[in-house]
Each structure stands twice: as C-alpha cells, then as structure tokens.
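From just these sequences and the hints, can you work out the full model?
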Amino acid sequence: MRHDPAAGAIVIMLRSLKMYGMAQAVEDLIEQGAPAFEAATPILSQVLKAELAEREVRSIAYHMKAARFPAYKDLAGFDFAASEINEATVRTLHRCEFLDGAQNVVLIGGPGTGKTHVATALGIQAIEHHRRK
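Using the UniProt record's numbering, the first residue of the sequence shown is number 1, and each one after it goes up by one.
Simulated from the structure, these hints should not be mistaken for lab results. Worth double-checking, as some hints may not be accurate.
[Said to hold, decoys possible] Cross-link-like lysine-lysine pairs, in silico, BS3-like; alpha carbons within 27 Å at most: (1) 65 / 115; (2) 18 / 49; (3) 65 / 18; (4) 115 / 73; (5) 49 / 65.
[To be verified] With beta-carbon atoms standing in for the labels, derived distance ranges: (6) 5 / 111: 53 to 61 Å; (7) 28 / 100: 20 to 28 Å; (8) 104 / 62: 52 to 60 Å; (9) 103 / 33: 50 to 58 Å; (10) 8 / 106: 42 to 50 Å; (11) 96 / 62: 17 to 25 Å; (12) 56 / 101: 23 to 31 Å.
Yeah, the Cβ is synthetic: ideal placement off N, Cα and C, and Gly gets one too.
So, in structure tokens, the structure goes:
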C-alpha cells in the first residue's frame, strides 16, 4: 500500500461527512494504486472541502436562528469604558472555556449594564466556534 497524504485526507474528509462506504472504497483504491483515482484526487479533494465548508456555514446559520438572539452582538461593539463590567473577566469568558467543564455563567447587574450584550456575544462565540455544552 502506498501512502499518499492527499488520499489520506480524502478518507478523513469522507468519514467526517459520514460517508463511510465511500471512505472504504477510496481506501481500497489507494491499496490498488488505481491510476484513475490518483488523477481524480485533486478534484475530489476540492469537492469534499467545498462540501465541508458548506455544511459548516449551514450549521452556524441553523444554530444562530435556533438561538433567536435579539440582535447580532460581539465584544468588538461593547464599550467597556461606559460599563462597570470587568473586561478581563468577560474576555476570559469569551474563550468559552467554561463550556469544557460544563459550568454555567450568571450575569448580574442593573439595567443598562450590558448583560444582554455580553450574553449574546458569548452565545455567538460558542456557536461560531462550534463549542458544545
């Protein structure tokens, strides 16, 4: 069996797309050293990369719609100088490391302090970077 990194990447992409039968067929073609497969490798790789990218975009769009955020908010649009919120704490939370430990975040403060803005920014960050609870 010849080891071709591009062909191996194709197998990995097929498995991540849950196309196990095709992944097995590609592995068989790799073992056989089929010249037709070797010629098709660049095109197949591009098509699979496009499909992975499209699925990621659709996944993010679906989760953003399901979350029903009041508006798109991120930390770039938040004025820390006009709020009593601790910027270092919010930036730490924005890395979403609390999700790895299945921890919760509670935002407490008076009206107009930016709780909704920060909560929305944290949710959007988690969705865009595929962080799961």
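- prompt: Within 27 Å, alpha carbon to alpha carbon, are residue 65 and residue 18?
  reply: holds (24 Å)
message: With the threshold set at 27 Å, check whether the alpha-carbon distance from residue 115 to residue 73 stays at or below it.
response: It holds: about 11 Å lies between the C-alpha atoms, which stays within 27 Å.
- prompt: Taking 27 Å as the top limit, are the C-alpha atoms of residue 49 and residue 65 close enough?
  reply: holds (24 Å)
message: Holds or violated: the 23 to 31 Å window for the beta-carbon distance between residue 56 and residue 101?
response: holds (25 Å)
- prompt: Are residue 96 and residue 62 spaced within 17 to 25 Å by their CB atoms?
  reply: At roughly 19 Å between Cβ atoms, residue 62 and residue 96 fall inside 17 to 25 Å, so the hint holds.
task: Using the Cβ atoms, figure out if residue 103 sits within 50 to 58 Å of residue 33.
output: holds (51 Å)
message: Just to be sure I understand the hint, the distance between the Cβ atoms of residue 5 and residue 111 should be within 53 to 61 Å; is that true here?
response: holds (56 Å)
message: Between the alpha carbons of residue 65 and residue 115, is the straight-line distance 27 Å or under?
response: holds (21 Å)
- request: Given the range 42 to 50 Å, decide if the beta-carbon distance of residue 8 to residue 106 lies inside it.
  value: holds (46 Å)
query: Is 52 to 60 Å a correct range for the gap between the Cβ atoms of residue 104 and residue 62?
result: violated (24 Å)
message: Within 20 to 28 Å: is that where the Cβ-Cβ distance between residue 28 and residue 100 falls?
response: violated (38 Å)
- prompt: residue 18 and residue 49: Cα distance at most 27 Å?
  reply: It holds: about 14 Å lies between the C-alpha atoms, which stays within 27 Å.
Hints 7 and 8 from the list above are not met by this structure, while the remaining hints are.
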